[in-house]
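Engineer: Chain residues, written in single-letter form:
Number of protein chains: 2
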Amino acid sequence: MRLSRYLLPILREVPKEAEIVSHRLMLRAGMVRQESAGIYAWLPLGKKVLDKICNVIREEQNRSGAIEIMMPTIQSADLWRESGRYDDYGKEMLRIKDRHERDMLYGPTNEEMLTEIVRAYVKSYKDLPLNLYHIQWKFRDEVRPRFGVMRSREFLMKDAYSVDLDFENAVIAYNRMFVAYLRTFARLGLKAIPMVADTGPIGGNHSHEFIILASTGESEVFCHADYLDMAPPPAGIDFRDPAALQATVDQWTSLYAATEEKHDEAAFNAVEEGKRLSARGIEVGHIFYFGTKYSEPMGAKVTGPDGVERPVHMGSYGIGPSRLVAAIIEASHDENGIIWPDDIAPFKVGILNLKVGDAATDATCEQLYATLTAKGVDVLYDDTEERPGSKFATADLIGLPWQIIVGPKGLAAGTVELKRRADGARENLSVESALARVLG
Amino acid sequence: MRLSRYLLPILREVPKEAEIVSHRLMLRAGMVRQESAGIYAWLPLGKKVLDKICNVIREEQNRSGAIEIMMPTIQSADLWRESGRYDDYGKEMLRIKDRHERDMLYGPTNEEMLTEIVRAYVKSYKDLPLNLYHIQWKFRDEVRPRFGVMRSREFLMKDAYSVDLDFENAVIAYNRMFVAYLRTFARLGLKAIPMVADTGPIGGNHSHEFIILASTGESEVFCHADYLDMAPPPAGIDFRDPAALQATVDQWTSLYAATEEKHDEAAFNAVEEGKRLSARGIEVGHIFYFGTKYSEPMGAKVTGPDGVERPVHMGSYGIGPSRLVAAIIEASHDENGIIWPDDIAPFKVGILNLKVGDAATDATCEQLYATLTAKGVDVLYDDTEERPGSKFATADLIGLPWQIIVGPKGLAAGTVELKRRADGARENLSVESALARVLG
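Chains A and B, in that order, are what the protein sequence lines are. For the first sequence, counting from 1, position 215 maps to 215 in UniProt numbering; every step adds exactly one. For the second sequence, counting from 1, position 254 maps to 254 in UniProt numbering; every step adds exactly one.
To be clear, the hints were calculated from the coordinates, so they are not data collected in a lab. Be aware that a few hints might be false.
Repeated chains share a single entry, so a pair holds when one copy, or any two copies, can fit it.
To be verified - In silico lysine-lysine, DSS-like type, Cα no more than 27 Å apart, as pairs:
{"id": "1", "residue 1": "Lys97", "residue 2": "Lys391"}
{"id": "2", "residue 1": "Lys375", "residue 2": "Lys348"}
{"id": "3", "residue 1": "Lys262", "residue 2": "Lys126"}
{"id": "4", "residue 1": "Lys348", "residue 2": "Lys97"}
{"id": "5", "residue 1": "Lys262", "residue 2": "Lys419"}
{"id": "6", "residue 1": "Lys348", "residue 2": "Lys391"}
{"id": "7", "residue 1": "Lys123", "residue 2": "Lys52"}
{"id": "8", "residue 1": "Lys47", "residue 2": "Lys91"}
{"id": "9", "residue 1": "Lys355", "residue 2": "Lys126"}
{"id": "10", "residue 1": "Lys409", "residue 2": "Lys97"}
{"id": "11", "residue 1": "Lys97", "residue 2": "Lys375"}
{"id": "12", "residue 1": "Lys375", "residue 2": "Lys16"}
{"id": "13", "residue 1": "Lys52", "residue 2": "Lys375"}
{"id": "14", "residue 1": "Lys301", "residue 2": "Lys16"}
{"id": "15", "residue 1": "Lys348", "residue 2": "Lys52"}
{"id": "16", "residue 1": "Lys138", "residue 2": "Lys97"}
{"id": "17", "residue 1": "Lys355", "residue 2": "Lys391"}
{"id": "18", "residue 1": "Lys123", "residue 2": "Lys355"}
{"id": "19", "residue 1": "Lys47", "residue 2": "Lys123"}
Based on the provided sequences and hints, a complete structural model is requested.
Structural biologist: Now the structure itself:
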């Protein structure tokens, strides 16, 4: 992409309304624009990051055996009356009357609809296990939306729903998602720690929030410091092997980790000196086994091997890609801007032409741009007439992992400058060497 | 994908509620499920087709220079009061009050919001031309939603918006989209004919509906038969060359083509005998130049090269991917089911194991499945215990373009059967030859 033909509305000033660094940087980098309170349009740069995050999530969901569908945003109130949640859900639910005065709502989540689909099509234990997910916009009418896309009203969510014959199989399904989440967050460059969360009336040990540590987090968390160095499960882990999954879950739940609500001071104090970590945390995922809570009242039943019909055991598994954009920035930035992990950077490489109009710099930049584009690399070519200082600032602000700086002085010496955003390392290299490094 | 681990709820009976063939086939093939009147969940097979259609649209939009963004579904009524459309738009607009009693709405289209974004960020003619698009769910509260996803209430739409300094540049932008649409429909296997559409108070010749002929179409159309053999613009067409674009548009508007509303009987009768085609048509796209209709009242202005500020000239360009799924089926099916064009088939290849449990057929199927999957081909492996007849029927119903049929008899002779869905051609081939044909 040529920057001269792109829409990248950089703000040089720090927006006053933004309280946390991710919100400030997303506004400054021209990633989003607020259209109403807690409702954002995603501008080109933001959309690209959002897509890349969704693709990582999708790959890991598919790898675990989950199947993608797409449920609508508008739901019938009747569906929620079946589960009893229509009246329970408070003002966060956006309630709507259509032209025929029917009660509708903008889905804040999809347990009811998914259960309805299961009820319609899944009749036998032979159709199980099943895990269906979608990535769709949700709406929760927060009283006070804030922190940009971190706590917005309209937000993107990946929600998966597992369906199994009984508790034992549901735990295997739960573990599959647990492992998929660990892999997902690691690929997004996040050190997410699974913490036991409230399971409400169902009880048991099968609800976890995945939390990253960040000074701007909304809640206080307590955990063993060794979590920060734990290696995520490998790509080759066998999702059809319950024992391998359980071993991973056991490892990742073996040390102390709790949110404020579930914090146990005595247990925390039993953690060895120097390993006790208390910090602020941001929730980036939540997985939950809820048994027959919806299948029972809604009549989603299957016939077991014994010929007896019984309600299916279910769980739900959420990750918010739009919130993740902000969470990743909270976890990875410096005073100059965002530092994207390579896999989700909007553009992997920036080419900075320091003297547009100069035949040599133009030719070299065009050559770099053509070569990288042909290799399928996402490149942003800064072909604008801005000053060099402004180009450096923009490339750092928007967090381009690799920056190839092309100026007349360097070219006279046969080199371009290659800069790595993460550590600021710079090297003068031939064009060929710079390409080799970026592609390597 | 192994069919035994997939959710593909095939209906053997013809659903009574479905009036048109695409609706019947989408229900029978387990592609969608109605959740409320005119509101559908996309089941796994439907979601895959929808994604493939979106990808074709996206590739052609990007090729033409349009840039992807993502605007929210929920909009503020205030934005629509600025343009004057809040009161004009009738009951089709889903109006909502949020918890603070603010007037909101579910966007039926995005001209206002896009104009607001342009107003905020685009200040100079140097930032133009600009074309921003998104692919997002829209809601139009139809009195009588019908024909499945062909006329639903919640539907997916790609809407693009061009922004230019003046009329002359806006026409170039219009032509870019005209050409991109021709390419898009051709890639989707559709013979879409651009027909002059109403431009309302703006006048001029810059509004076209793209229409495919189908007996179940909702409107009557009249055109020159030669449109059906016209070759679409090549992939290499230069979108930066206004003359090349204009020549293509001229070619595609040179012959008679009109919807009922714009039909001119005298002009139609002037078409040579034997070339007059009157048929039913389905609208699959609509492009529209609307000048300063929104930029003027909303104050979206740029400074021209002369230093004078003026409102930008805009156009909008819509394609409905969810409706396209149905339109493609209307255009491409037979008595056995759907016939997908290769590029948007949910799975390019089906492997039909006629005797699950037989060591030889199992081994051959697994080998085929592993080889094709490793090559990145989307494969559906029917590893269920259904009868052969049922497997044949399913593969044809869901429209798999290539079907590799593996049975003990064939294997004894060293062959599998390769069937082409489109023409039903069958051949007995070695495994290697079958693979070569499918991959070739």
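Engineer: Hint by hint, say whether it matches the structure.
Structural biologist: Evaluation of the provided hints:
no.: 1; hint: Lys97 with Lys391; verdict: neither (50 Å within a copy, 44 Å between copies)
no.: 2; hint: Lys375 with Lys348; verdict: both (12 Å within a copy, 26 Å between copies)
no.: 3; hint: Lys262 with Lys126; verdict: neither (38 Å within a copy, 56 Å between copies)
no.: 4; hint: Lys348 with Lys97; verdict: neither (46 Å within a copy, 42 Å between copies)
no.: 5; hint: Lys262 with Lys419; verdict: neither (45 Å within a copy, 60 Å between copies)
no.: 6; hint: Lys348 with Lys391; verdict: within (16 Å within a copy, 45 Å between copies)
no.: 7; hint: Lys123 with Lys52; verdict: neither (36 Å within a copy, 30 Å between copies)
no.: 8; hint: Lys47 with Lys91; verdict: neither (29 Å within a copy, 32 Å between copies)
no.: 9; hint: Lys355 with Lys126; verdict: between (66 Å within a copy, 18 Å between copies)
no.: 10; hint: Lys409 with Lys97; verdict: neither (66 Å within a copy, 61 Å between copies)
no.: 11; hint: Lys97 with Lys375; verdict: neither (51 Å within a copy, 49 Å between copies)
no.: 12; hint: Lys375 with Lys16; verdict: neither (41 Å within a copy, 52 Å between copies)
no.: 13; hint: Lys52 with Lys375; verdict: both (18 Å within a copy, 23 Å between copies)
no.: 14; hint: Lys301 with Lys16; verdict: between (54 Å within a copy, 25 Å between copies)
no.: 15; hint: Lys348 with Lys52; verdict: both (12 Å within a copy, 25 Å between copies)
no.: 16; hint: Lys138 with Lys97; verdict: both (18 Å within a copy, 16 Å between copies)
no.: 17; hint: Lys355 with Lys391; verdict: within (11 Å within a copy, 64 Å between copies)
no.: 18; hint: Lys123 with Lys355; verdict: between (68 Å within a copy, 24 Å between copies)
no.: 19; hint: Lys47 with Lys123; verdict: between (40 Å within a copy, 22 Å between copies)
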